Amino acid sequence: MITAIIIDDENKGRIALRQKLTDYCPDIQIVGEAENGEQGIILIQQCKPNIVFLDIEMPRMNGFDMLNHLAEKNFHLIFTTAYDHYAIKAIKFAAFDYLLKPIDIEELKNAVSKLTKIKPLDITPQLDVLIQNAYRNSKGYQKIAIPTMEGISFFETDDLIHLDAESNYTMLYFTQNRKILASKTLKEFEEQLPTDRFFRIHHSHIVNLKFIVKYIKGEGGQLIMENGKSLDVSRRKKGDLIQKLI
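So in the numbering used here, spot 41 of the sequence shown is number 42, and the numbers just go up one at a time.
Calculated from the structure, these hints are not laboratory results.
Model, not experiment: these values are computed from the prediction.
Treat the hints with care, since some could be wrong.
To be verified - Straight-line distance between alpha carbons at most 20 angstroms, and here's what the computed DMTMM-like set of lysine to aspartate or glutamate pairs gives:
(1) Lys115 <-> Asp197
(2) Lys21 <-> Glu39
(3) Lys188 <-> Glu167
(4) Lys245 <-> Asp159
(5) Lys120 <-> Asp105
(6) Lys21 <-> Asp160
(7) Lys144 <-> Glu191
Produce the complete structure using the sequences and hints provided.
See below:
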């Protein structure tokens, strides 16, 4: 049985999530609930759950502050929030799951299903990425956590040259001839990456504008990237790309 706790300052939120977990996630055993960050810290230390459902917005100590006060963080983490605010993008960048209230049953089942197949590990590196990025939305995100078949890798976004779609996966190309296959679609990355630096030139390619070496004219044209790769530009994207480049 997979153990879980719910941390949410709203009683109705805890009741709703508990009921949905009971009805639709039979492998999950709820071993405790907390109504604030202070109680949440004690509960995590006592119960050592496999999964923590954590509300972001709580009085006195929000979800991020609570996590900062934990010495050990060996559990899966799913954020819950009623607000689709700036923190959501930072959460995605750190490769955490989140659920918007009112929580959709299918989204809950999918999030739980993914985590129950993976052994809980120390999430401190992911949290470092999250905390660094959560308060930098005006400057753009500095680091990205990338889920792969082997686990999670961490990179500087400034080192990301371009991304290529490979079915339901994405190949990311970095400086120093590094590349990694991520278990996320190109569309998911498009929704996360800052639009002032990254641009989708084709249904198969997103590029970091600072690594473009040359644009070659054509029906859509081609881009030559700093790593030597030649990438097609779709005819539909050509005009917007030219505006970005001049």
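(Q) With the threshold set at 20 angstroms, check whether the alpha-carbon distance from Lys120 to Asp105 stays at or below it. (A) violated, 25 angstroms
Q. Does the structure keep Lys188 and Glu167 at a Cα separation of 20 angstroms or less?
A. holds, 12 angstroms
Q. Going straight from one Cα to the other, do Lys144 and Glu191 come out at no more than 20 angstroms?
A. holds, 15 angstroms
Q) Holds or violated: are the alpha carbons of Lys245 and Asp159 at most 20 angstroms from each other? A) Answer holds: Lys245 to Asp159 is near 18 angstroms, not above 20 angstroms.
(Q) Between the alpha carbons of Lys21 and Glu39, is the straight-line distance 20 angstroms or under? (A) With a Cα-Cα distance of about 25 angstroms, the restraint between Lys21 and Glu39 is violated, given a limit of 20 angstroms.
**Q.** Distance restraint between Lys115 and Asp197, which requires alpha-carbon spacing of 20 angstroms or less
**A.** Violated, because 32 angstroms separates the two Cα atoms, which is more than 20 angstroms.
Q: For the pair supplied as a hint, Lys21 and Asp160, confirm whether the alpha-carbon distance does not exceed 20 angstroms.
A: Cα-Cα ~41 angstroms, so violated.
Violated hints, in rising order: 1, 2, 5 and 6; the structure is consistent with all others.
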